[in-house]
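Engineer: Go ahead and model the full structure; you've got the sequences and the hints to work with.
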Amino acid sequence: MIAGGLSVVVLRAVFTGIGILLMGVAFGATQVQSWPLFLFWVVSVSAVFGLLGIIVGLWSKSFEQLNMPVVFFLTPLSMVGGVFNTVQMLPDWLRWLAWANPFFYFINGLRGAMIGFDETPPGLGEGLTLLLLVVLGGTVWRLYAKGYGLRE
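The numbers in our numbering rise by one with no breaks, and the one at position 80 of the sequence shown is 80.
The set of hints was computed from the structure by calculation and includes no laboratory data.
Every value quoted in this text rests on a predicted model; they were computed, and no experiment measured them.
Don't take every hint at face value.
Ranges of calculated distance between the beta carbons of each label pair, as one might list FRET restraints [said to hold, decoys possible]:
no., residue 1, residue 2, range
1, 26, 93, 28 to 36 Å
2, 93, 62, 36 to 44 Å
3, 4, 91, 39 to 47 Å
For glycine and all other residues, C-beta sits at the position ideal for the given N, C-alpha and C.
Structural biologist: This is the structure:
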């Protein structure tokens, strides 16, 4: 049940991302430096967000609660994660937040695969992302096993 739902989410995200990438390549706006790394990051980040979506869906009791993680976690973490700047551009007192932020590794990994600029040591982002996938996958599996948030 988990694998089927997650594979649909990942495939949908991969096809959408590749479609957008092809548009960028067609207009000469982008290029990919490392296709294996690019595919790793697209698939793994899609899986992370798919697992997080399952957890939020099981947790929320109303439609309004579905937006709470986006407002309080997704948006702030993506802003400090290096979407619009590098870690070196952040003030010293805020850099620790970027390094503790999993979104930083997602964004940095995709940036490294596409333009070749990487701010982390090789393998660090990939290892942390795989660890996060294992933890989130185990959490979803456990929630399903307990029947948490499922309706009869």
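Engineer: Tell me the hint numbers this structure goes against, listed in increasing order.
Structural biologist: Result: hint 1 breaks, nothing else.
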